[in-house]
Amino acid sequence: MEIIKKIKNFPLITEIFFQMKDSLFKRVLTTFITIFMSFFLTLFIFYSCQQIYSIKSSFIREGKILIDVLATNSRLGVLAGNEKLLKQEAQGFLCQPYVIGISVFSKDSLLMSVTKHEQNLPRIITIFQINKRLSQGGRPPYIYETDRLMEIWNPVYISIGFKSAEELVLGIMPTKTKLAGWVALSLDKSEISKKEKLYFLYFLITLFICISLAYFFMHRAALRTVGAIDMLCEYVDNFKNIENVEALQEIPMEGEDEAGRVAKLINEMIRVLKKRHEEKKKLETQLLNAQKLEAIGALAGGIAHDFNNVLASVMGSGDIVKYRMSKREEIDPKFVEAIISCSKRAREMIVELLKYARGKGMDRYPLKLNDQIIMLKKMASGFLNDDIEIRLELSEEDPVVVSNATQLHQVLLNMLTNAQDAMPKGGRLRIATGTAEISEDVARSKGEWVNPGKYGVIYIEDTGTGMDEEVMKNIFNPFFTTKGPEKGTGLGLYNCFNIVKEHGGFIDVESVKGKGTFFKIYIPLSDSKEVVVEKEDDSLINIPKGSGTILVADDDPFVREVIKAILTEFGYKVILAVNGIDVINKFRDNKDEVDLVLMDIVMPYKHGKSAQEAIRKIKPGVKIIFMSGYPDYVLAEKGISTDDIEYIQKPVRAATLIKKIQQVLKS
Amino acid sequence: MHRKASIYIFCFLIFFTSYSNSFAFFSAIVVQSIKVEPYNRAFEGIKSSYGNNLKRIIVSTYKGDIKEYIEEKKPRIIFAIGEWALSKVLSIKKIPIVYLMVLNPYPFLSDNKNISGVSMLVSPQKRFEYIKKYIPHAKRIGVIYNPKHSGYMYKELCKAAKKTQMSLVAKKVFSSQDVIDAIKEISDDNIDVFLMLPDVTVITPETLSFMSLFFFKKSIPIITFSEKYLKLGALMAIYSDPFHIGVQAGILARKILQGKVRLPVIIWPKGKLKINPYVAKNLSLPIYEDGKGMRAHGDNKKDKKFSPHN
Chain H
1 MEIIKKIKNF PLITEIFFQM KDSLFKRVLT TFITIFMSFF LTLFIFYSCQ
51 QIYSIKSSFI REGKILIDVL ATNSRLGVLA GNEKLLKQEA QGFLCQPYVI
101 GISVFSKDSL LMSVTKHEQN LPRIITIFQI NKRLSQGGRP PYIYETDRLM
151 EIWNPVYISI GFKSAEELVL GIMPTKTKLA GWVALSLDKS EISKKEKLYF
201 LYFLITLFIC ISLAYFFMHR AALRTVGAID MLCEYVDNFK NIENVEALQE
251 IPMEGEDEAG RVAKLINEMI RVLKKRHEEK KKLETQLLNA QKLEAIGALA
301 GGIAHDFNNV LASVMGSGDI VKYRMSKREE IDPKFVEAII SCSKRAREMI
351 VELLKYARGK GMDRYPLKLN DQIIMLKKMA SGFLNDDIEI RLELSEEDPV
401 VVSNATQLHQ VLLNMLTNAQ DAMPKGGRLR IATGTAEISE DVARSKGEWV
451 NPGKYGVIYI EDTGTGMDEE VMKNIFNPFF TTKGPEKGTG LGLYNCFNIV
501 KEHGGFIDVE SVKGKGTFFK IYIPLSDSKE VVVEKEDDSL INIPKGSGTI
551 LVADDDPFVR EVIKAILTEF GYKVILAVNG IDVINKFRDN KDEVDLVLMD
601 IVMPYKHGKS AQEAIRKIKP GVKIIFMSGY PDYVLAEKGI STDDIEYIQK
651 PVRAATLIKK IQQVLKS
Chain X
1001 MHRKASIYIF CFLIFFTSYS NSFAFFSAIV VQSIKVEPYN RAFEGIKSSY
1051 GNNLKRIIVS TYKGDIKEYI EEKKPRIIFA IGEWALSKVL SIKKIPIVYL
1101 MVLNPYPFLS DNKNISGVSM LVSPQKRFEY IKKYIPHAKR IGVIYNPKHS
1151 GYMYKELCKA AKKTQMSLVA KKVFSSQDVI DAIKEISDDN IDVFLMLPDV
1201 TVITPETLSF MSLFFFKKSI PIITFSEKYL KLGALMAIYS DPFHIGVQAG
1251 ILARKILQGK VRLPVIIWPK GKLKINPYVA KNLSLPIYED GKGMRAHGDN
1301 KKDKKFSPHN
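Chains H and X supply the protein sequences, listed in that same order.
Per my numbering, residue 1 is the first one in the first sequence, and the count goes up by one each step.
Per my numbering, residue 1001 is the first one in the second sequence, and the count goes up by one each step.
Same shape as in the complex, but just chain X (with noise of 0.2 angstroms):
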């Protein structure tokens, strides 16, 4: 009889543990821009880390007002996955917003103090340390930049250059018509590397299969900032996983929550290298000889090996 009441007794506490455990935070409501695959990633990382008791939006197929729907859910926090998500949760005052996913929020922050956010992209300062860790003799970085889509970030790279006594060699441009001259220009500044920012009109399919040939004709390696860019020439890419960030939102949400941290307040991201052994080959870089680029670097030690097939 005692060892029966003993098993109910049990059961009842695991239940009420892991019931408890569900309202034990608040619940929050995901808005995702778009359902691809970084952005489902990024969802997954913030369910490890923040709960399961989430409710997803995607904003591309969701018919209804999202603003409406969510004022009538009053979740305790709202994850803003992607700059359209952001864009449909900005007027929203009263609850707090994670964002992720999102390159530049600096339009959005201004008026908005219940805004947080992990960044997209890793540091500056920790890009250039890989950089200078993993191609010591490169000095001279080299970028391109649309004043208008990358000025911020071009600002931030400037005073993380200065932090690791790196010179930045930069080239403004306006259209992507311009960008042809800008690569010819920057290459004769001799530059030790280019550094790849995600801009729009700098980047596009048909500027990066030029600047990818160009600037390896000139033997000056290409630093991106997302491992996709690898197969298409360039010999490093610095980035943040998708699942790490929607972890560290997560984890940012609870802490928000639970008032441990003071509004408005934006994170880097953990930082991830990755190499293309191919290209670091046929550039002659030391970085292929000693093996440190043949494997992925960084928070998970266990991504795979890079392949151009993969």
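So here's chain H without its partners, still in its complex pose (with noise of 0.2 angstroms):
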């Protein structure tokens, strides 16, 4: 595109022909300029050659002109032998500035006069030798001439007389003349020279003129002729970009010569690319959704464990508790610490999981990375194998970055698992951090996207079997695997690759065949070090004691008792409900008395939000907040926002739930 703008900003002749690439407009004016300046070229070798002949033989002409009136005026002259007369008649002709001096000589070679304007009148030739070129009858006027000067002779004739008086008074004029002398005219050259310059001062202006004049004409000429071809480059060079399909624009040509036919193709070609770009990408939605099952499938296993593990906790906990109740002995409280945190901990796993499975959480947010991959580590703990030793190295820098926690995890957990993958019977796996300075080069060869500047790093280091440079080329394409169909999708690191590009990072990767793969993931460091915490408030102990009615509906009795268990605990009387059409009767029954109505959306027979109006009916202003164990994608498919009602994400922690209650109450 850079030649087209320079060709229209008009460059310099030199500058199309040693500075701009090769092109058919470098070739068609290349073409108009070699046949203008053969032509032109040849017209000025023609008519300098004419000019200059004609320069001179005009020189000599009018020599031969002055010659010819001096040496008739110097009749007299020569005739009288008067020398004053001679010299009265050359005085006019010195007036010429290439006349340098005129010699007149009489027949018998005697110099009768010199009239001249140069002390030393350099004379080529003597008198005697044009007298001798008379006589072997040779022409007159003679022109002899050096470098410098030029010399025109002409003899000097008079006129025989009257043969008789008679004939004088008959006016019969005589004819016949006779040699009375010679007149040389001697002549500056450098005249000519002056003349010869001076036409090609005109030449070279005119050549300027017609150069300046033809370029624009033939630049004109050309553009015209290669100009829907520019066009076309310069639409086709979008092609080189050209897996950004959906910023390929059709180009705007129509007409049915060959850059017509040519347009009228690659639009063609571009609605085609298009459209299977638009196939290509249902269908790697597709097989996203199928890649991210696989990913789930793997976190399973590993979610099983640690879940296990949780209720193993939780379970444990709640039998010594039992127990120690029905013994009516004191209960260690840091069993009840341990039930509330391994729920905690199973609370946060399924938030993980279902934010994963549902492709949410996309915002981004400053994250350490020393923080993500501990949880990362605590996280691959469940599903990788037990004979694969992780080793962390976490950088005392503790970098931050701007990311989301679950790409972030997406993104190591496919590392992770094709690391696993690649150590099918077991090895070492070094997980590190650091941070990378990024020049402007380094960033340039990474990819438009990268900026130059300072990047958190993750290493992955494993020992497994290593790749090849033809894999290597080849592991951020989209389904590309080695794996084999059944087990691989081929999307895995695409993803990633797609995902830190997202963040406009980038991945190195270095592998040695049958030594390991060392992956190296750059992202942008966030300008600020703080990382947003959410610190939730457990703490039952401030939370002041409330009073009133609230009617609970829900479908899972534990959920009931646990709810009822708490409210009442903090002075509330509670009456339950187990679905939809019950809590409406319940209402009913006691609309005076219930203060706040808390349900479940989705219940038997009649869900949360149908509910809500027909108690909304009896009566108008009542207060009701939800609660869900579902997400909200759940709720939204089945035609329920949770946007404009007061909700409680289940599980929920007893002090969320009574604050929440206070607060609606107050409202």
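Incorrect hints may appear among the rest.
With beta-carbon atoms standing in for the labels, derived distance ranges [said to hold, decoys possible]:
1) L179/H x S1027/X: 43 to 51 angstroms
2) D1181/X x T126/H: 51 to 59 angstroms
3) D1181/X x L110/H: 14 to 22 angstroms
4) D1181/X x L179/H: 48 to 56 angstroms
Honestly, the hints are just simulated from the structure, not real lab data.
Cβ coordinates follow ideal geometry from the N, Cα and C atoms, glycine included.
Hints are included, so try docking the two chains, each in its own frame, into the full complex.
Encoded structure:
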């Protein structure tokens, strides 16, 4: 495109020939210029030769005219031998700038008069040689010249006079003449060179104007000739980034000429490409989901393991508490604390799993890489084989990057899964963090989306089977897999690459066949070192006790009982309902008493929203809080929005529940 | 019958009259130097006044001996047109010779009493009269001559100048090279007009052009002897027409044969005058202003108006 812009800005000819890359325009213009210059140079050589010849011949012609006039005017002076008269005649001729001297000789070769501009009038030839030449039959005027001087000799003829007085009286003029002497005109030839220089000056000016005009018109002609092709090139240049099919634009060119036909073909090709791209995107989405399922499958084992551990803790602690209570012994609070902590851990696991499955959580925020790696290790320990030794090397710099934990985990989990696949017989897996400064050159070499600057780096190194060059070249390409069609989708690393690319980062990979693979994941560092951490206030100590009647509806009896216990503990009277219809009936029965309805959204017979409508019909303005164990997207699929309602996501901590109820009651 | 006889008698008388007219005068031979227009016109003039009984010989083309031929034919009179022709018949003593178109006949006249003729130039006195008439302020007349060629003319001019009370300023030259200086010198002598004499030393194409320009620069009018020189810058030409000279020669011949004149006799031809009005205008002469110079003057009033392009 730079070429075309340059062309349109009328570049210098030298720029076109020596700097511009080969192009059709250059070739067409070169052809035009070659034809023009050949024609012009031929014309110039021909015209210049003619002009130079013409200048000289004109100079000689003027000299001949002068010498002719001079010879005629000198007749009397020569006849009378009157030097004064000769000088008088010659003086008029010396006003010509190129006449430097006039010499008059008598018939007897005697110098009669010299009139000159210069002190020493050089002489090319002698009068004796002139007389000799005349006697040999040479026809005057005689011209002799040196580099600087030109001498023109002309004889002075006078009439032989009247034969008789009778002829004189009768006016019969004598026609015969006789040689009376010679006049020699010395001319300065520098006048010729002056005229030649002047001619060349005019010529150069004309040449400049001609070439400028010719270049202008040839440029226009060349542009007109290759303009359509230029436009094609301009659009075809977009194909450099052919991966970005959506950015490809159809060429706005119509016509049945060659360029028009090519444009039609390209437009057709673009339409096909876009159509295929759409299909590919759909396919990719489908495959992505499949890949997620695959990842979820991989996680499931780990989660199940963790979940079992969590449940083991909860159940064990519960058993101890129950046992001590039955013995009326004092209960150690650590068991209760263990139950709560394990529940929290289980809730987090569920949240993460749901987020991953849903692909939510794409908001980016500052994250400490070290924390994420630690969390990853916990997650990975669930599904990684026991014979894989994980070693963490966390940077003391504690790099903070702007990312999304879910996306980051997806990338890292993919890497770890691949590492595990590469180490079927076990091995060492090193996960490290660090920072790196990326220069402009490196950034440019990694991709146009990469900016120079500071990056946080995650190093994942395994001692697996490694890859050869051919595999390494293709690992980030979609659908490329070495695991076989049943095991892998070929989208894992492709997604990793795209996620990191979306972050403005890049992935480097080094691998030696048989020794292992080393991934370096570069993510731009956050400007801020501060990390947003949501702290859940789970203390019930400072929460004041309330009062009032709360109608609690949930189809799960355990949930109903736990909530009743919590609310009762904090001074509230609780009425329980088991489904959607039950809650409406209970509310109708206790409509004056109930201050707030706390109900599950999804319940048997009638879901929460419908129940709400019925309750509001009975008592408009009654306060209702919904709760649900379903994630948002599941509720949305059921046509239930949580945007315009008071909502609590289950599982909910007691403190959170009480605070929410108190808040709604006060509002 | 009587009528027929009358016609025959009338025709006879006519024939006899014309024939007798042809033989009433003596036959003549015209010897002409060369065949040029002025000489031919002179010959025409002879014919018009003398008659047609003439035999013309052109010297330049005649192969034989002219003298022998003439002596064999024994004409009553010989016309010699031109100096060359006169020299060819000079040795004939017994037949009267009338020359014409000869400028200087004097060298031929000394021993020959049978030679008469018509002068080629208008008489000096007539020339002065013309000058006086048309250029009244002209008192000093400049003349350049070579005594060898035109000394006799100078003498005649001197005589005529005395009679007309004009002064002659003369310069002698002996070669053409002296003419330039003579022209310059004579112009310094306050001459009013320059009278050109038919002298081959003084007049050459080169001196003529110089003379014209020089005298024009000095505002001195040139009076010449032939209308041809008007074109070359002369103001006034006082000349005689060759035809009229021929006519006068024919009349003279008849008189000689009739014995009415005694030989030798030389007569002056009638003069004509022509003025170049452009020169007159450029010289600011009143001759142009009153219109007199616009036409030729003299015997032939039918002469055309002068034009430099003629």
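Inset, instruction - With respect to the beta-carbon atoms only, verify the hint that L179/H and S1027/X lie 43 to 51 angstroms apart. - result: 50 angstroms, holds
Legend entry - Verdict for D1181/X, L179/H (Cβ pair) under range 48 to 56 angstroms: 23 angstroms, violated
Inset, instruction - For D1181/X and T126/H, compare the CB-CB distance with the range 51 to 59 angstroms and indicate the outcome. - result: Between D1181/X and T126/H, where Cβ atoms are some 31 angstroms apart, the hint is violated.
Inset, instruction - For D1181/X and L110/H, compare the CB-CB distance with the range 14 to 22 angstroms and indicate the outcome. - result: 20 angstroms, holds
Hints 2, 4 from the earlier list are contradicted by this structure; the remaining hints agree with it.
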